[in-house]
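**Student:** Please construct the entire structure, taking both the sequences and the accompanying hints into account.
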Amino acid sequence: ETGVTQTPRHLVMGMTNKKSLKCEQHLGHNAMYWYKQSAKKPLELMFVYNFKEQTENNSVPSRFSPECPNSSHLFLHLHTLQPEDSALYLCASSQDPLLVTDTQYFGPGTRLTVL
Amino acid sequence: GDSVTQMEGPVTLSEEAFLTINCTYTATGYPSLFWYVQYPGEGLQLLLKATKADDKGSNKGFEATYRKETTSFHLEKGSVQVSDSAVYFCALSDWGGSQGNLIFGKGTKLSVKP
Chain W
1 ETGVTQTPRH LVMGMTNKKS LKCEQHLGHN AMYWYKQSAK KPLELMFVYN FKEQTENNSV
61 PSRFSPECPN SSHLFLHLHT LQPEDSALYL CASSQDPLLV TDTQYFGPGT RLTVL
Chain B
1 GDSVTQMEGP VTLSEEAFLT INCTYTATGY PSLFWYVQYP GEGLQLLLKA TKADDKGSNK
61 GFEATYRKET TSFHLEKGSV QVSDSAVYFC ALSDWGGSQG NLIFGKGTKL SVKP
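Chains as they are written, first to last, in the working numbering: chain W, 1 to 115; chain B, 1 to 114.
It should be emphasised that the hints constitute simulated quantities derived from the structure, not laboratory data.
Heads up, simulated DSS-like pairs for lysine-lysine below, C-alpha to C-alpha not over 30 Å straight-line:
no.: 1; chain 1: W; residue 1: K22; chain 2: B; residue 2: K109
no.: 2; chain 1: W; residue 1: K18; chain 2: W; residue 2: K41
no.: 3; chain 1: W; residue 1: K40; chain 2: B; residue 2: K68
no.: 4; chain 1: B; residue 1: K52; chain 2: W; residue 2: K36
no.: 5; chain 1: B; residue 1: K113; chain 2: B; residue 2: K77
no.: 6; chain 1: B; residue 1: K49; chain 2: W; residue 2: K22
no.: 7; chain 1: W; residue 1: K41; chain 2: B; residue 2: K56
no.: 8; chain 1: B; residue 1: K49; chain 2: W; residue 2: K36
no.: 9; chain 1: W; residue 1: K18; chain 2: W; residue 2: K36
no.: 10; chain 1: W; residue 1: K41; chain 2: B; residue 2: K52
no.: 11; chain 1: B; residue 1: K109; chain 2: W; residue 2: K36
no.: 12; chain 1: B; residue 1: K106; chain 2: W; residue 2: K41
no.: 13; chain 1: B; residue 1: K109; chain 2: B; residue 2: K49
no.: 14; chain 1: B; residue 1: K60; chain 2: B; residue 2: K109
no.: 15; chain 1: B; residue 1: K113; chain 2: W; residue 2: K41
no.: 16; chain 1: B; residue 1: K49; chain 2: W; residue 2: K40
no.: 17; chain 1: W; residue 1: K41; chain 2: B; residue 2: K77
no.: 18; chain 1: W; residue 1: K41; chain 2: B; residue 2: K49
no.: 19; chain 1: B; residue 1: K56; chain 2: B; residue 2: K77
no.: 20; chain 1: B; residue 1: K77; chain 2: B; residue 2: K52
no.: 21; chain 1: W; residue 1: K36; chain 2: B; residue 2: K106
no.: 22; chain 1: B; residue 1: K106; chain 2: B; residue 2: K68
no.: 23; chain 1: B; residue 1: K60; chain 2: W; residue 2: K36
no.: 24; chain 1: W; residue 1: K40; chain 2: B; residue 2: K106
no.: 25; chain 1: B; residue 1: K113; chain 2: W; residue 2: K40
no.: 26; chain 1: W; residue 1: K52; chain 2: B; residue 2: K49
no.: 27; chain 1: W; residue 1: K19; chain 2: W; residue 2: K41
no.: 28; chain 1: B; residue 1: K52; chain 2: B; residue 2: K109
no.: 29; chain 1: B; residue 1: K60; chain 2: W; residue 2: K41
no.: 30; chain 1: W; residue 1: K40; chain 2: B; residue 2: K77
no.: 31; chain 1: W; residue 1: K41; chain 2: B; residue 2: K109
no.: 32; chain 1: B; residue 1: K60; chain 2: W; residue 2: K40
no.: 33; chain 1: B; residue 1: K106; chain 2: W; residue 2: K22
no.: 34; chain 1: W; residue 1: K40; chain 2: B; residue 2: K109
no.: 35; chain 1: B; residue 1: K68; chain 2: W; residue 2: K41
no.: 36; chain 1: W; residue 1: K18; chain 2: W; residue 2: K52
These stretches of chain B come out as covered by chain W in the derived footprint (C-beta under 8 Å, 3 or more residues):
no.: 37; stretch: 32 to 38
no.: 38; stretch: 42 to 49
no.: 39; stretch: 101 to 114
Values in this document were obtained by computation on a predicted structure and should not be read as measured data.
In this text, a Cβ means the ideal position worked out from N, Cα and C, and glycines have one as well.
**Tutor:** This is the structure in structure tokens:
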């Protein structure tokens with residue numbers, strides 16, 4: 001499945017570093033999402049963009065900064081992270097989040113480790 | 001609020017055994033229901049979905065039927081293979097939820113032994 005790609009696949013960073021995660025979707029969808037998957041916790045929705053406009057921000061700390069320049073690309077800029085931010089970060093896309101039948105398709109994720 | 005409850009894992013089966021992973025949900029409206037699978041080291045893949053009551057989703061030998069009367073969406077497979085070893089997530093989307101908010105269960109880890 002190559003509809004949604006994410007880079008890098010693995011990232012190790014210190015608490016003072018600045019890095020960015022990239023996501024690209026090749027499905028012609030209008031909405032893109034960032035999720036956080038931590039060990040032993042349910043998936044957490046972080047941000048939703050629909051037609052490049054941010055429509056959801058689930059109380060995510062400001063050290064995570066999303067950017068969506070167009071419907072095909074989504075970034076997550078990271079700065080001054082904490083070790084508890086270590087997790088798998090998943091990107092997803094879908095056609096229309098306003099439809100209850102809308103289906104989200106996920107990328108392979110970026111495994112982030114904060115030292 | 002909306003929620004999804006899955007059976008606790010891990011589930012360990014022998015190859016060719018019958019699989020059932022239970023999933024029940026609570027929703028205020030008329031949700032769509034999904035099963036996603038996550039293989040080791042990978043992201044989530046959509047396995048199957050159902051968008052209205054009595055619909056049956058199926059894919060790769062897996063099936064799940066949307067049962068409104070029991071608010072359930074149990075995943076079944078008649079004969080599992082070693083390659084089915086993964087974590088399975090039940091999820092719902094609902095009009096009552098915020099935009100794009102899929103509600104996931106905690107996941108059930110399946111291990112299939114040869």
